[in-house]
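This is what each chain is made of:
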Amino acid sequence: MNKPVWLKDYVMPTTKEEVPFGASNEAGFLVFKNAGFRSMKPSINTDVCIKCMMCWVYCPEGCIDKTGETLKIDYDYCKGCGICAKECPKQCISMVKEDEA
Amino acid sequence: MGKRAFLSANEAAAYGVKLAKPDVVSAYPITHKPLWWKRLRISWQKAKQIMNI
Amino acid sequence: MVEKVADFLAEGEADYEYMMVESEHSAMAAALGVSMMGARAFTATSSQGLMYMAEMLNYTSGGRHPVVMVNANRALAIPWNIYGDHSDAMAMRDCGWIMLFAESGQEALDMVIQAYKIAEDKDVMLPVMVNVDGFTLTHTYDVVDIPEQELVDAYLPSFDTANKMCLEHPKTLCHSVGPDYYTEAKIAQQEAFEVAKAKIVACDEEFEAMFGRGYGGLIEEYCCDDAEYALVAMGGTVGTVRDVVDELRAAGEKVGLIKIRGFRPFPEEYFQSVKSKFKAMGVIDRSLCFGVGGTVFGEVKSALYGSEMGLKGFVLGLGGRDISVDMIKEMFAELKECPAGEYSDQPIFVGRRW
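Here the protein sequences line up with chains C, B and E, keeping their order.
The first sequence begins at 185 in my numbering and counts up one residue at a time.
The second sequence begins at 2 in my numbering and counts up one residue at a time.
The third sequence begins at 157 in my numbering and counts up one residue at a time.
These aren't lab readings, by the way, just hints derived from the structure by calculation.
It should be emphasised that the depicted structure is a prediction, and the values quoted were computed from it without experimental measurement.
Each residue gets a CB set at the ideal place from its N, CA and C atoms; glycine is no exception.
Check each hint, because a few of them may be wrong.
To be verified - Dumping the calculated DSS-like pairs for lysine-lysine here, alpha-carbon to alpha-carbon at most 30 angstroms:
no.: 1; chain 1: C; residue 1: LYS192; chain 2: E; residue 2: LYS327
no.: 2; chain 1: B; residue 1: LYS22; chain 2: E; residue 2: LYS327
no.: 3; chain 1: E; residue 1: LYS327; chain 2: C; residue 2: LYS187
Unchecked claim - Partial chain B-side listing against chain E, Cβ under 8 angstroms, derived:
no.: 4; residue: PHE7
no.: 5; residue: ALA14
no.: 6; residue: TYR16
no.: 7; residue: VAL18
no.: 8; residue: ALA21
no.: 9; residue: PRO23
no.: 10; residue: VAL25
no.: 11; residue: TYR29
Please take these sequences and the hints and turn them into a complete structure.
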């Protein structure tokens with residue numbers, strides 16, 4: 185999937201030279217998990233899912249991975265907005281509380 | 002050396018810009034008053050049409 | 157002056173892209189966008205326009221994009237005034253731009269060329285504001301030598317930077333940052349200003365070697381070697397003070413002129429080096445820092461910390477009021493009366509009606 189990569193072993197700048205020049209630096213990565221503030225998370229019932237891709241189209245963050253056999257959600261990036269659950273024509277996506285499995 | 006000309010500092014600076022060869026010049030010149038009046042006249046005419054007067 | 161720049165394009169003498177935008181804020185935003193793509197940008201403005209683009213000035217300097225802008229120094233409203241003084245540039249002195257002041261049309265032309273060389277230097281990478289006195293310089297005529305394009309091309313290399321957006325090396329430009337790293341970014345900008353002090357002088361010396369005209373970098377002294385009283389001036393006023401110094405010198409008085417050409421970065425080292433040289437020093441200000449006094453006076457006074465000279469801050473020429481030869485003679489006369497160690501805590505308005 186083509187999306188920003190979370191560099192888990194990123195170290196914040198420790199010297200003058202490491203501070204990004206003009207507050208600009210190489211694109212395409214994140215320095216921390218961009219989903220920590222989520223309170224509800226989507227869960228796809230893959231038995232009912234018909235792979236219509238409406239959730240993939242509507243997701244504002246591009247969190248749904250359609251490259252595999254079933255659709256997968258990237259929970260490191262999903263913000264829990266619930267648009268996918270609202271748009272699914274089969275209503276097979278349910279929003280569950282964050283700490284539930 | 003060079004060419005001598007009788008210029009205002011505005012024009013001299015403009016020559017400096019030409020010689021420096023920028024790729025893009027962005028500018029907001031002030032709105033010329035006759036143009037401002039013309040636009041006002043056009044909008045008033047349109048308003049009269051709409052109001053049928 | 158952008159009209160003349162447009163004329164060159166219309167007549168086929170130049171081939172830049174000309175973007176006419178809806179406001180000065182957009183003009184600076186457009187110039188910034190151009191610079192972010194690694195291309196060379198230019199814009200020009202004056203007083204209220206400079207105020208309108210104030211937020212974008214900080215964007216450009218913080219993002220370290222080398223835009224060059226000519227600012228025709230014009231008084232700020234209210235009262236609405238179309239004549240020249242320095243209040244617009246002074247209002248923006250903290251925005252992180254290098255600020256240079258031109259004494260004449262010739263210097264303005266040369267300064268624009270030098271500005272690109274200073275700005276685009278890899279150790280500087282700061283935008284440059286070329287200040288030209290509104291009306292007294294921008295709208296009066298003088299003989300100017302226009303250099304050859306080939307010579308300018310030899311002096312000024314093309315713009316090349318890594319701080320830009322490109323598809324081969326994608327970048328995120330102009331992040332937001334929290335309290336944890338903002339200070340360090342600002343320290344980096346401050347250090348670039350210290351580097352710029354030497355670069356401004358070096359670029360000027362190189363210009364002098366190639367074109368035969370030099371301006372002294374940050375500071376120019378005129379008849380200061382044995383002077384007892386000196387006036388500090390900036391912009392077009394310098395030319396008038398030069399004439400007065402010549403006249404007074406011919407009459408046997410030991411007077412001198414200090415021209416500040418580079419206002420940001422401020423040439424503090426120079427003022428520290430002359431803090432015991434004169435009997436008294438006066439500063440001509442064409443702007444007023446309300447509640448404090450003359451703007452340049454405040455900076456000169458702080459740069460002269462530890463000095464025991466007499467210091468006087470004169471404010472004149474506001475809103476385009478003429479700075480006459482008599483006023484300058486009056487200022488030199490006042491300096492002669494100034495005892496050592498005294499400084500004016502209130503601005504002295506020269507040429508006031510009442």
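Results of checking the hints against the structure:
Between LYS192/C and LYS327/E the CA atoms are separated by roughly 19 angstroms; this keeps the pair inside 30 angstroms, and the hint holds. Annotation: proposed proximity of LYS22/B to LYS327/E holds, straight-line Cα distance about 26 angstroms (limit 30 angstroms). The straight-line distance between the Cα atoms of LYS327/E and LYS187/C is roughly 14 angstroms, inside the 30 angstroms bound, and the hint therefore holds. For PHE7/B, the interface hint holds, the least distance from its beta-carbon to any beta-carbon of chain E being 5 angstroms, beneath 8 angstroms.
Interface hint status for ALA14/B: upheld, as the beta-carbon distance to the closest one in chain E is roughly 4 angstroms, under 8 angstroms. With a least beta-carbon distance of about 5 angstroms to chain E, the hint placing TYR16/B at the interface is held under the 8 angstroms criterion. A cut of 8 angstroms between beta carbons decides the hint on VAL18/B: the least distance to chain E is about 5 angstroms, and the hint holds. With a least beta-carbon distance of about 5 angstroms to chain E, the hint placing ALA21/B at the interface is held under the 8 angstroms criterion.
The beta carbon of PRO23/B is positioned within 8 angstroms of a beta carbon in chain E (closest approach about 4 angstroms), and the interface hint is therefore held. The interface hint given for VAL25/B is met, as the beta carbon of that residue sits about 4 angstroms from the closest beta carbon of chain E, less than 8 angstroms. Among the interface hints, the one on TYR29/B holds; its C-beta lies about 5 angstroms from the nearest C-beta in chain E, closer than the 8 angstroms criterion.
Comparing the model with each earlier hint shows no violations; every hint is respected.
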